[in-house]
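Same order as they appear, the protein sequences are chains A and B.
Just so you know, numbering that gives the first Met the number 0 puts 103 at position 104 of the first sequence, and the rest follows in order with no gaps.
Just so you know, numbering that gives the first Met the number 0 puts 680 at position 681 of the second sequence, and the rest follows in order with no gaps.
Calculated directly from the structure, the hints in this document are not laboratory data.
Careful, some of the hints might be misleading.
[Stated by the list, open to error] Below, a list of computed lysine-lysine pairs in the DSS-like style, where the Cα atoms sit at most 30 Å apart:
1. B:Lys-716 <-> A:Lys-3
2. A:Lys-3 <-> B:Lys-588
3. B:Lys-588 <-> A:Lys-24
4. B:Lys-716 <-> B:Lys-588
5. B:Lys-677 <-> A:Lys-24
6. B:Lys-677 <-> A:Lys-3
Treat the numbers as computed from the prediction; the structure is a model and nothing was measured.
These are the residues of each chain, in order.
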Amino acid sequence: MLLKDEVGMLQRVPLFSGIEPTKLKLLAFTSDRVSYSAGQILFRQGDEADAAYVILSGRADILVNSDSGPIKVAELVPNSIVGEIAILCNSSRTATVRAASPLEALRIRKDHFLRLMKEFPEMTIEMVRVLADRLSHTTADLIDARSAK
Amino acid sequence: MEPSLARYIWTHTKKQQVGILMIVVLSMIPYFMSFDLPKLIVNGPIQGGGFEQPGATQPFMRLHYNLPFIGEVLFFSGFQLDRTATLFALSLVFLLLVVINGLFKLYINTYKGRLGERMLRRIRFELVDRVLRFPPVYFKRVKSAEVATMVKDEVEPLGGFIGDAFVQPVLLGGQALTAMLFIMVQNVWLGMIAAVIVGIQIVLIPRMRRRLIVLGRERQLTARALSGRVGEIVDGIGAVHIHDTSNYERADIAARLGLIFKIRFDLYQWKFMVKFLNNFLAQVTPFLFYMIGGYLVIQGRLDVGQLVAVIGAYKDLPGPMKELIDWDQARQDVQVKYQQVVEQFTVEDLIAPRIGALTIDDPAPMTNPLSAINLSIADDGGAMLLNRISLQVKPGETVALVSTATGGAEALAEAFARLNWPDSGRIASGADDLLELPEAVTGRRMSYASSDVFLFQASLRDNLLYGLKHAPLTSVPYDGAAADQRRWNVDEARRSGNPEHDIHSDWINYASAGATGPHDLFEAVRRVLDAVVLSRDILDLGLRSSADLTRHTELARRIVELRAALRTRLEHEGLSGLVAPFEPGAYNKEATIGQNLLFGAAAGPELADRALAANPYFASVLKQAGLDRTLYEMGMEIAEQAIELFADLPPDHQFFQQLAFMSAEEIPAYETLLQRLKNRPYEAVSETDRAMIVTLSFAYIEPRHRFGLLSDELMSKIVAARNRFYENLPPELQNAVERYDPAKYIAAATVMDNVLFGRVGNNHPDAPDRIRSIVYDILDELGLYAELLDVGLDFNVGAGGRRLTGGQRQKLDVARALLKRPDFLILNRPLSALDQRMQDKVLRNVLEEARRDGHSPAIVWVVTNPAMAMMFDRVIVFDSGQLVEDGTHETLLAGSGIFKELLS
Numbered sequence: 000m001l002l003k004d005e006v007g008m009l010q011r012v013p014l015f016s017g018i019e020p021t022k023l024k025l026l027a028f029t030s031d032r033v034s035y036s037a038g039q040i041l042f043r044q045g046d047e048a049d050a051a052y053v054i055l056s057g058r059a060d061i062l063v064n065s066d067s068g069p070i071k072v073a074e075l076v077p078n079s080i081v082g083e084i085a086i087l088c089n090s091s092r093t094a095t096v097r098a099a100s101p102l103e104a105l106r107i108r109k110d111h112f113l114r115l116m117k118e119f120p121e122m123t124i125e126m127v128r129v130l131a132d133r134l135s136h137t138t139a140d141l142i143d144a145r146s147a148k
Numbered sequence: 000m001e002p003s004l005a006r007y008i009w010t011h012t013k014k015q016q017v018g019i020l021m022i023v024v025l026s027m028i029p030y031f032m033s034f035d036l037p038k039l040i041v042n043g044p045i046q047g048g049g050f051e052q053p054g055a056t057q058p059f060m061r062l063h064y065n066l067p068f069i070g071e072v073l074f075f076s077g078f079q080l081d082r083t084a085t086l087f088a089l090s091l092v093f094l095l096l097v098v099i100n101g102l103f104k105l106y107i108n109t110y111k112g113r114l115g116e117r118m119l120r121r122i123r124f125e126l127v128d129r130v131l132r133f134p135p136v137y138f139k140r141v142k143s144a145e146v147a148t149m150v151k152d153e154v155e156p157l158g159g160f161i162g163d164a165f166v167q168p169v170l171l172g173g174q175a176l177t178a179m180l181f182i183m184v185q186n187v188w189l190g191m192i193a194a195v196i197v198g199i200q201i202v203l204i205p206r207m208r209r210r211l212i213v214l215g216r217e218r219q220l221t222a223r224a225l226s227g228r229v230g231e232i233v234d235g236i237g238a239v240h241i242h243d244t245s246n247y248e249r250a251d252i253a254a255r256l257g258l259i260f261k262i263r264f265d266l267y268q269w270k271f272m273v274k275f276l277n278n279f280l281a282q283v284t285p286f287l288f289y290m291i292g293g294y295l296v297i298q299g300r301l302d303v304g305q306l307v308a309v310i311g312a313y314k315d316l317p318g319p320m321k322e323l324i325d326w327d328q329a330r331q332d333v334q335v336k337y338q339q340v341v342e343q344f345t346v347e348d349l350i351a352p353r354i355g356a357l358t359i360d361d362p363a364p365m366t367n368p369l370s371a372i373n374l375s376i377a378d379d380g381g382a383m384l385l386n387r388i389s390l391q392v393k394p395g396e397t398v399a400l401v402s403t404a405t406g407g408a409e410a411l412a413e414a415f416a417r418l419n420w421p422d423s424g425r426i427a428s429g430a431d432d433l434l435e436l437p438e439a440v441t442g443r444r445m446s447y448a449s450s451d452v453f454l455f456q457a458s459l460r461d462n463l464l465y466g467l468k469h470a471p472l473t474s475v476p477y478d479g480a481a482a483d484q485r486r487w488n489v490d491e492a493r494r495s496g497n498p499e500h501d502i503h504s505d506w507i508n509y510a511s512a513g514a515t516g517p518h519d520l521f522e523a524v525r526r527v528l529d530a531v532v533l534s535r536d537i538l539d540l541g542l543r544s545s546a547d548l549t550r551h552t553e554l555a556r557r558i559v560e561l562r563a564a565l566r567t568r569l570e571h572e573g574l575s576g577l578v579a580p581f582e583p584g585a586y587n588k589e590a591t592i593g594q595n596l597l598f599g600a601a602a603g604p605e606l607a608d609r610a611l612a613a614n615p616y617f618a619s620v621l622k623q624a625g626l627d628r629t630l631y632e633m634g635m636e637i638a639e640q641a642i643e644l645f646a647d648l649p650p651d652h653q654f655f656q657q658l659a660f661m662s663a664e665e666i667p668a669y670e671t672l673l674q675r676l677k678n679r680p681y682e683a684v685s686e687t688d689r690a691m692i693v694t695l696s697f698a699y700i701e702p703r704h705r706f707g708l709l710s711d712e713l714m715s716k717i718v719a720a721r722n723r724f725y726e727n728l729p730p731e732l733q734n735a736v737e738r739y740d741p742a743k744y745i746a747a748a749t750v751m752d753n754v755l756f757g758r759v760g761n762n763h764p765d766a767p768d769r770i771r772s773i774v775y776d777i778l779d780e781l782g783l784y785a786e787l788l789d790v791g792l793d794f795n796v797g798a799g800g801r802r803l804t805g806g807q808r809q810k811l812d813v814a815r816a817l818l819k820r821p822d823f824l825i826l827n828r829p830l831s832a833l834d835q836r837m838q839d840k841v842l843r844n845v846l847e848e849a850r851r852d853g854h855s856p857a858i859v860w861v862v863t864n865p866a867m868a869m870m871f872d873r874v875i876v877f878d879s880g881q882l883v884e885d886g887t888h889e890t891l892l893a894g895s896g897i898f899k900e901l902l903s
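Okay, chain B solo, but in the shape it has when bound (with noise of 0.2 Å):
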């Protein structure tokens, strides 16, 4: 990158600089006529000049100059105007160049505050592109949070700066060097003092404001580190809890603030001690004048007019001298965070933009084998990881890599999926330089997963798909305000040279999955999911989750038929009893009293939870039906229940998940609230403490509870209350719940919810899974299995993947290499975290499905235990960074080397 900034500025803005400063330099011309026009106002209308006489009148208008050699021309000859007429005529005048004067200004700081937004948009680009082109070395040294930082903090300043960078010096300089010239012709000798005082600040302030320059790159260094820390932190919270070193992280993070504030405060002190020195020497001068001046027209060498228009003139050169040397030390503070942000960026070996050009067109198959060739990689520390390796793997291949503790396997994997760069030797591709061909081959044709697993935070959909997304492959038609929008999207991506490809194009690449486009998508989804024994898990997901109406559209549309066939299929099976359906005409024993009241899914705040026994219409709803004293009493029997059985409990203990009703933190709350309730009269107790015990008898399930507190008469009262609260429902609740109804699809309950429609027995302990694997067969009967695996795809993984299990990430990641169906697939200790059995059977999967339709794609695999081995074609054996064995397991088995070693 180029290295000064000033270069960089004038190299992609100098047109816009030279634009701008002939606009400023337009601009002077109403500027400097407002200025004259107050005189002409007050000698002429206001005091009489030139209108002397009564009705007397001047031209107004009137445009005549004096041309070379021709002698003077009338343009136009006027207006005659009399007094007053004149007066407002100029008036208005004034006010038009008031407008005037207004809207330039307004021009000139939108048309800077865009050159300085585009050139900082254009320098982030340019960094992120970077770092999408760093070799892969450098990210073992960096950390995300400072890269982050650099490109979001540090060069924003200087988007502030870059209008200003050209305009400023040489408007500021214009109007000193004015000033400084006529001192000059007034007096030499006192303009030379002038120029002596100038000289020293020009000479004196740059050199003081070099401690500014280091203490400003101390401070930018500093905070880059600190936000580093704080990433760090955050990134290991874990390791931090677990060691109890958070008082350490404490002790450094307060170290590190100390440490910023001293150099901040140094800062503020240099900063305000160099200010102080440039008033002084911009205020000396006067002092000087009047002495010197005063001595020398006391001498009678100067005249008192001169000194006068001296001291006049001198009015001018302090303002711009201060705002010069103002725009000089904004210039040294972005200068140097923009060389620190360079420097930072400047690596060397960056990968060349031709490897990651956009490709629209898929690369021909990779036929030729992949061939690494006297391979030598060194680990950070020097210690060799592979020794001068050589060996080739043919296409339509499988082999196993198996190496010892130091074998240097994952090295060579990783060279593989150029992850790892060679130190000496190459990787080559027939006669190609791997590290030569373009991603667009290597990231289509070959594939590759590791035990290291980077998921993005995003839908399980969009994980599993980044890997498809190498160029957008449709052009989105626009019309109208959306037309008009990319229009304007892509002009300005122009001006700031970043690329124009459109987000919102479809990126998927259907063709290397095999699929045609999003219909038949699914389909090899579904197989990957399959392969690597993820689908359950994401059905699993699917059903916990409530499904987005909008687009799973066919779960709710055959909702009705879905819970029937359940019913069907539970009684067939004789567990009609493991599930208590949701019925409008009955009470469900199996649900909480508040749910047999409300029979719907709360939709918003109003009527979720505890805010339901304080709805004023749910309490009124209570009240007609004859049900309110009832429930105070059921909850006032449950708050001395549960405060018998829990008081003596500390608030930590385990128990306290059993206890639905209300938390050990309000445990206390309920006991006071108890003591004053107690004797009291229902009528005398208040409408907020009547909701804080009714709220109590709402979480309340008879079977599962036993406190023997619900009768046949009560039970018919809340089915009662339940149509009274749906009769006459007020507007405002009409979005806040989802009433339960038999041939509709609830949207804001969960798959499962909505499938079962009733809730599953508390006193079967294996009901909830015998139902789900009923469920799912029932889905897979009615073709809507794969409905529910793309709404448990909607999941969204969290950061880093972390709502996923280890094991769970890493099957994603050996899904998403074996989507795009490669001709080299790499795996490097792909399942780690999966127990044997597991990875056994993964194992057979993907080689089964790597190779369905005839594919017949190479495969490479790192495996964790040698028995792994006997799959594959071909095995290949690694010690201390040699390769020592290579043949068939058989030949191997047969040998009496490291293979035969490792398995026994």
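Okay, chain A solo, but in the shape it has when bound (with noise of 0.2 Å):
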């Protein structure tokens, strides 16, 4: 897979769906082409994030620790983006993530990502509107939960 692929890819992942395409280009040369095989970790519960990942192709399974052992919590599949809560909260890892087949994905190293974000602050805008889209689909949910009960 290209450049110029990857910078198709990136556009069909909502998060940078509203930036231009040659900043996405950028973002794509400056980040690592990364793969791994079945069953080979990406990154654990518990570590410190250092990147997030854009799946290009295959799947990934993520996974929590729990007293039973780990748990599947979802499954990632191409174009989706895991672990830029992580890098933008300064927190550590809230979860793991296996690759379930062959994987190649793009590694957006954490100071490359909150570089380009203090840079294009139309990305930044772009991703503010995706994560409090995020946060008010959380919080509805949460309301149907509570209310459910």
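Two chains, two separate frames, one set of hints: put the complex together.
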């Protein structure tokens, strides 16, 4: 997969969809292309967060530790981004991500990501919009859950 | 040290001074003969004196003397020569005298120079010897750069002066006195005038010079302070930048330079003033002669002949006088310098020479307990660090010193190490005062490491073994020219009062590390490095550096085996995809195009980095392979992409680290180049521009940059070009590149690159770490672990060890203390730069390593954390300079004292 294809993939990630292609190209170029075989760990719960990952091909599982061992809470498919919250909040990883099949991903380093946000406010606004959107969904879910009790 | 320079010089060089004086006197004989000879030549053969008749002859070399009582004795009647022959003979004698005078001068100057240089060597050595014997407290007050400048610069002028110290005044004084006497004989009154003027010169000039001496001293002190400050700026450069105080430093230096300028200018003014006065006095004498002498002639009390003779004789007076005065000036100058230096080096409580005397044989183990008896130590401000402490550390005992912030345990550890001398009370080993024991005992049977580590600018190995270099243990066999050189070295060292220890001897005391020689020392080194958990760091250093193949032959010999083992291992673990190996007939996708073309390590500047594309032979190979145009187009494409991506970013943007093709500074240049070349046909582009563009393509790696520029056809062309390049490699490039050969070690590449013989895949983020640990495993399996550690030990630690981290430096210091297997191991918060977990680990390892093979040294450890005290036989607690608790860990824990409080 070439740089220009990666740009196309990034455009399909909601977080990046509003950002100019030239900026996305820079983001892609300065990110590392990484590949994993099935079962390999991208990062572990509790690790320090140093990068976000955009899945280009393949699938991955999101696992959370529990008393009875890891539980799969979600699955990642191509065009999804994972790990972006932890690098924004400076917190440690809240879950483990494991490749479920051969996986190709774009690894966006934390400092690059933050630098881009600082330099291109339109990108930041776009991201705030996506996050606010997610928050309102979560709030709605919470209200539903509370009232269902 | 001797306070008077003259006496110092006389004590050490009296024989030589007398010798040189004799030679100078001897040299006077041909010197005066050569004065007389021109007269003989002119009067005799040239004007014809004694050759009045044609065919007349004169005796030549006739030796006859009028001896008292005996009368005239003829030794040799001489050759009879005619006029022309006499002219030639006398002229030849003149030539002979010129040669003899020249040779005398040469010999005397060489003699004086050698004398001066030997004395300079002696003084410098004596100064450094004193530095080695200064009491510890002195070093709290002195700046190292100032001491260095004293030893190096301030005594330097002494060398030039010493040869003339005694000869010059004797000789010039003699000449001046003769001239004076001659004047006196001619006319007493005129003689008196000359004497009065000379008297004024002798009295007045030195008086005026007093100010010169004061200024000279100031000049020396300010210059020394300047070098101290410069040294401080260099050492504290970090603090300068952190606090934005560089302009404060600039102001300080400028102020100092201003002061130095003022002093020096004052000095010049005075100097020339004195000179002027001196010259004036010298020239006023003839004025007096003409006036008074003339008056006396007119009066008829003096005849003209006498006056002319006096004036003639006076011509010979100012020359020697002036030189004598110059000599005196030089004398005062060096005397001031010498005194200044001697004052600084005269220190009370100098360590006695016998303490540091060279001892070849190892002393017996220290079997007596180490005791502090009524020990008090105060800091420079007078505050008590330790107040009348008495305690005893028995051999074999392990003691933790726990201290509150003002406890004073560090001071006790420093006192045990003799780095801090007691103000009252003493430290004793058995019945002996510790300060009275020779360093040969304390430096070999005791060892000390602290958080304040000093490393020398040398390799890790040299620093680690430094603690074993007590005495030259082998005598090195020299032969031929080397033997002559050695004899000369010893001889000269003796003449200058320097020691003759051979620095090339093997100084390493293997026995104290528990080894028998260089071959098994390594085991001991490895164990102590493992104990302080430093081996891994050194292995990493080893992997990243290129091995010195004259020393590390084993690596090169078994490289094929190593590479094969790595491949097998990677295959076995299913990790083959992590590394793309170099194969002579295939393109390596994980390497750059440049690496694929050259397929070797550049060993010189000709083919390295940017020079590669510009190399004419390389360019011709590309052309023959039909690659020149392709790579140019590729370079253009890369330039366009790079500029599109990066042109808007500020030059200091961190993204530029990702841009392998060009640096931020080069972007504008490439932008204009791109504009210029865009629509120009390839043929019309100049060679330099082509190289600029082609070089961009050399950094391209498809899986990393992902521009989609590499095709199968291009890859096979590149492999073909690679072979073509080596087929006709011109002789001048033979040594500029080492071709990758699966069967050969590449000296110019790092050990890692050699073992890997390929490139780690770009899209596996954890690949480098995994590969490194596999490489270590393999090296260990093949028994090459030691060799790699040895490569790592070649690493130069930099000035003060600054190329290592603080933690690494402290670990090295502990390893060095452990290596000599002491009877008393004193550790003063030795690992403060490490986190607590690592400190605990090293502590356990060190206790174990120190007791290996049935050794049982006493260990005194000032711990950074009271919890560490659990590992020791005995715990001693200090608070406010007092020993407050002393007992086993359990008893102290059971009590309710400070220790328990500190722990909770």
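Here is what the structure says about each hint:
| no. | hint | in the structure |
| --- | --- | --- |
| 1 | B:Lys-716 <-> A:Lys-3 | 26 Å, holds |
| 2 | A:Lys-3 <-> B:Lys-588 | 20 Å, holds |
| 3 | B:Lys-588 <-> A:Lys-24 | 23 Å, holds |
| 4 | B:Lys-716 <-> B:Lys-588 | 14 Å, holds |
| 5 | B:Lys-677 <-> A:Lys-24 | 23 Å, holds |
| 6 | B:Lys-677 <-> A:Lys-3 | 22 Å, holds |
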